[in-house]
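Chains as they are written, first to last, in this note's numbering: chain A, 357 to 616; chain B, 50 to 301.
Be aware that a few hints might be false.
To be verified - From the structure, some residues in chain B lie toward chain A, with a derived Cβ separation under 10 Å:
{"hint": "1", "residue": "Ser-110"}
{"hint": "2", "residue": "Val-111"}
{"hint": "3", "residue": "Leu-121"}
{"hint": "4", "residue": "Ile-128"}
{"hint": "5", "residue": "Val-147"}
Claimed, not checked - A few chain B residues that face chain A, going by a derived Cβ cut-off under 10 Å, partial list only:
{"hint": "6", "residue": "Leu-80"}
{"hint": "7", "residue": "Ala-84"}
{"hint": "8", "residue": "Ile-106"}
{"hint": "9", "residue": "Arg-127"}
{"hint": "10", "residue": "Phe-130"}
{"hint": "11", "residue": "Trp-138"}
{"hint": "12", "residue": "Ser-140"}
{"hint": "13", "residue": "Lys-142"}
{"hint": "14", "residue": "Trp-178"}
{"hint": "15", "residue": "Pro-179"}
{"hint": "16", "residue": "Ser-180"}
{"hint": "17", "residue": "Gly-184"}
{"hint": "18", "residue": "Arg-194"}
{"hint": "19", "residue": "Val-261"}
{"hint": "20", "residue": "Leu-264"}
{"hint": "21", "residue": "Ala-265"}
Claimed, not checked - The calculated DSBU-like cross-link candidates involving lysine-lysine, where the alpha carbons are at most 30 Å apart (straight line), are:
{"hint": "22", "chain 1": "B", "residue 1": "Lys-122", "chain 2": "B", "residue 2": "Lys-142"}
{"hint": "23", "chain 1": "B", "residue 1": "Lys-160", "chain 2": "A", "residue 2": "Lys-528"}
{"hint": "24", "chain 1": "B", "residue 1": "Lys-63", "chain 2": "B", "residue 2": "Lys-289"}
{"hint": "25", "chain 1": "B", "residue 1": "Lys-142", "chain 2": "B", "residue 2": "Lys-93"}
{"hint": "26", "chain 1": "B", "residue 1": "Lys-142", "chain 2": "B", "residue 2": "Lys-160"}
{"hint": "27", "chain 1": "A", "residue 1": "Lys-605", "chain 2": "B", "residue 2": "Lys-122"}
{"hint": "28", "chain 1": "A", "residue 1": "Lys-528", "chain 2": "B", "residue 2": "Lys-289"}
{"hint": "29", "chain 1": "A", "residue 1": "Lys-528", "chain 2": "B", "residue 2": "Lys-172"}
{"hint": "30", "chain 1": "B", "residue 1": "Lys-160", "chain 2": "B", "residue 2": "Lys-172"}
{"hint": "31", "chain 1": "A", "residue 1": "Lys-528", "chain 2": "B", "residue 2": "Lys-273"}
{"hint": "32", "chain 1": "A", "residue 1": "Lys-605", "chain 2": "A", "residue 2": "Lys-593"}
{"hint": "33", "chain 1": "B", "residue 1": "Lys-172", "chain 2": "A", "residue 2": "Lys-605"}
{"hint": "34", "chain 1": "B", "residue 1": "Lys-289", "chain 2": "B", "residue 2": "Lys-273"}
{"hint": "35", "chain 1": "A", "residue 1": "Lys-605", "chain 2": "B", "residue 2": "Lys-93"}
Note that these hints are calculated values from the structure, not bench results. Fair warning: this is a prediction, and the values are worked out from it, not measured in the lab. Heads up, the beta-carbon is just placed ideally off N, CA and C, and yes, glycines get one too.
Chain by chain, the residues run as shown.
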Amino acid sequence: MAATASEGPFSRALPWLVPLALVILWQVSSSLGWLPPNILPAPTAVLEAAWTKLQDGSLIDNLGVSFARAMSGLIIGGAIGFSLGLLNGLSKTGEMLLDPTLQMIRNIPHLALIPLVIIWFGIGESARLFLVALGVFFPIYLNTLHGVRNVDPQLIEMGRIYGMNNRTLFLKVILPGALPSIFVGLRFALGVMWLTLIVAETIAANSGIGHMAMAAREFMQTDIVVLSIVIYAILGKLADSATRALERKFLAWNPAYAKV
Amino acid sequence: MSSQPTGGSRVSLKDVKKAFGNNVVLQGIDLEIPAGQFVSIVGKSGCGKSTLLRLMIGLDSVTSGVLDAPALKAQAARIVFQEPRLLPWASVKDNVAVGLGEGQSGQAADKQAADILEEVGLKGREGLWPSQLSGGMRQRVALARALVSQPTLLALDEPLGALDALTRIDMQALLEGVWQDLGFTALMVTHDVGEAVALGDRVILIDHGHVVLDLAVDLPRPRKRGTPEFAALEGQILDKLFGDDPRAREAH
Ligand SMILES: Nc1ncnc2c1ncn2[C@@H]1O[C@H](COP(=O)(O)OP(=O)(O)O)[C@@H](O)[C@H]1O
Ligand SMILES: [Mg+2]
Numbered sequence: 357m358a359a360t361a362s363e364g365p366f367s368r369a370l371p372w373l374v375p376l377a378l379v380i381l382w383q384v385s386s387s388l389g390w391l392p393p394n395i396l397p398a399p400t401a402v403l404e405a406a407w408t409k410l411q412d413g414s415l416i417d418n419l420g421v422s423f424a425r426a427m428s429g430l431i432i433g434g435a436i437g438f439s440l441g442l443l444n445g446l447s448k449t450g451e452m453l454l455d456p457t458l459q460m461i462r463n464i465p466h467l468a469l470i471p472l473v474i475i476w477f478g479i480g481e482s483a484r485l486f487l488v489a490l491g492v493f494f495p496i497y498l499n500t501l502h503g504v505r506n507v508d509p510q511l512i513e514m515g516r517i518y519g520m521n522n523r524t525l526f527l528k529v530i531l532p533g534a535l536p537s538i539f540v541g542l543r544f545a546l547g548v549m550w551l552t553l554i555v556a557e558t559i560a561a562n563s564g565i566g567h568m569a570m571a572a573r574e575f576m577q578t579d580i581v582v583l584s585i586v587i588y589a590i591l592g593k594l595a596d597s598a599t600r601a602l603e604r605k606f607l608a609w610n611p612a613y614a615k616v
Numbered sequence: 050m051s052s053q054p055t056g057g058s059r060v061s062l063k064d065v066k067k068a069f070g071n072n073v074v075l076q077g078i079d080l081e082i083p084a085g086q087f088v089s090i091v092g093k094s095g096c097g098k099s100t101l102l103r104l105m106i107g108l109d110s111v112t113s114g115v116l117d118a119p120a121l122k123a124q125a126a127r128i129v130f131q132e133p134r135l136l137p138w139a140s141v142k143d144n145v146a147v148g149l150g151e152g153q154s155g156q157a158a159d160k161q162a163a164d165i166l167e168e169v170g171l172k173g174r175e176g177l178w179p180s181q182l183s184g185g186m187r188q189r190v191a192l193a194r195a196l197v198s199q200p201t202l203l204a205l206d207e208p209l210g211a212l213d214a215l216t217r218i219d220m221q222a223l224l225e226g227v228w229q230d231l232g233f234t235a236l237m238v239t240h241d242v243g244e245a246v247a248l249g250d251r252v253i254l255i256d257h258g259h260v261v262l263d264l265a266v267d268l269p270r271p272r273k274r275g276t277p278e279f280a281a282l283e284g285q286i287l288d289k290l291f292g293d294d295p296r297a298r299e300a301h
């Protein structure tokens, strides 16, 4: 992949060619009336809807609400998953005590809990937060645990021979060694995070992008429904790019991440 | 060279035995190693070479007998393994700094690290990651990390075993030069009899947990392989290693 024609403006434009063609095809079909707007609105109609929603401020409001939900859930679930992953990775007792239970719970699809969560929390903010946090917990937990467990024992022996205390050993050897795996967990978690949020906002919410889409559905405003889908896609892409940037920064020593 | 000589320290073993459970790995080991000597240790795989090294630098304790090594009390013994065991996420300079131990930083530490990197021929590569270095250069970093705290006793467990033949020759010369500059006592395990004779003041052959040959190598340095004296010493060691089995010798 690296050795072939990867330089030059032509090859940089190459990946965009097919999406661009699809959008043009879509626009032409709409303009010629092949695609009725109540099935799929034209791209220009979606842009128009975006402009209107931007001007009345509701797009930014809903976007902000969804983003805040996603991040709070990620931070809460991620922090718990990371801490337990470290704990069980570093302590045999911790692992024996907690890991079997967590591995069992892991097999329950967290979205299956929605009815129960609604009974517990109602359809308020805490229900959505709980679902997102639960969803991101497992990928972060599992990959942190795996990362810590798989740090090269020869490096740990080296650290001990050179007199590192536990704290230095953790900061200089174990944590950096586990980091690639933790990033894998973070990427997974981001996917789960958006998915959970979409479902949670679609089923039960009175704000957020998912709610915007459901409200539009009632009035058959397909342009706004499509706009919501596009926004979710953009948010997902942004989160992925942010993770890649973090990987490039923190895993620069690893040839696999140096140039992605 | 910019690093100051550190000098060496002696190691003495009297009737040392090492067993893991019922498995007696070393027995009746008597050795007097004077300060600054370069000792090569050879023997078949599994005969206890690594165990002997680990004893002598205090990574393991003897089952019985007496081991006396002043470097251990002074925490001035270090080891280099066959694998460089560098932190992949730390630069060359930071990897060497690991050798300075806890809380050693500042200008004096920086100077020490810079000096030893120059000594092993890595000046100008301080900022690189290990993944950007060749196998030989990685082993030089490991050597620098071991030497930066100025140990008087250095153990090397097949330090060049993973390198290709040409790099090995290079590294043998480097190792000899560094040892001559700094003057530490060197204990090197190798499976290459030629390497043992080329570098050692003395070659020790271990078999079934005993020292079966202790041979002084009295040739001027740097030594030329292929001279009759060199070949005679090699032959003596190989004879003892393989007995009179000519096929085993050919294979070697
Ligand atoms: N930590 C240990 N626990 C149990 N047995 C060991 C240990 N270390 C080495 N041994 C045993 O000691 C013997 C010699 O090992 P070693 O010193 O590594 O050999 P060499 O380095 O000469 O190949 C082997 O039989 C090995 O199984
Ligand atoms: Mg060995």
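Hey, B/Lys-160 versus B/Lys-172, does the alpha-carbon distance stay inside 30 Å?
Holds: B/Lys-160 and B/Lys-172 sit about 12 Å apart, inside 30 Å.
Between B/Lys-63 and B/Lys-289, is the straight-line Cα distance small enough, at 30 Å or below?
holds (23 Å)
B/Ser-180 as chain A interface residue, shortest Cβ-Cβ below 10 Å:
The hint holds - B/Ser-180 has a Cβ within 10 Å of chain A, the shortest such distance being about 5 Å.
Please verify that hint: B/Arg-127, Cβ, nearest Cβ of chain A, below 10 Å or not.
Since chain A brings a Cβ to about 8 Å from B/Arg-127, closer than 10 Å, the hint holds.
Are the Cα atoms of B/Lys-142 and B/Lys-160 separated by 30 Å or less?
holds (11 Å)
Hinted pair B/Lys-172 and A/Lys-605, Cα distance within 30 Å:
holds (26 Å)
Keeping to a limit of 30 Å between CA atoms, is the pair of A/Lys-528 and B/Lys-172 held or broken?
holds (24 Å)
Please check whether B/Lys-142 passes as an interface residue: C-beta within 10 Å of a C-beta belonging to chain A.
violated (13 Å)
For the hint on B/Ile-128, just tell me whether its beta-carbon gets within less than 10 Å of chain A.
This interface hint holds because 7 Å falls under the 10 Å limit.
Taking the least C-beta to C-beta distance, is B/Val-261 closer than 10 Å to chain A?
violated (30 Å)
Going straight from one Cα to the other, do A/Lys-605 and A/Lys-593 come out at no more than 30 Å?
holds (18 Å)
Min Cβ distance, B/Ala-84 to chain A: is it shorter than 10 Å?
violated (22 Å)
The structure shown violates the earlier hints numbered 1, 2, 3, 6, 7, 13, 17, 19, 20, 21, 25, 27, 28, 31 and 35.
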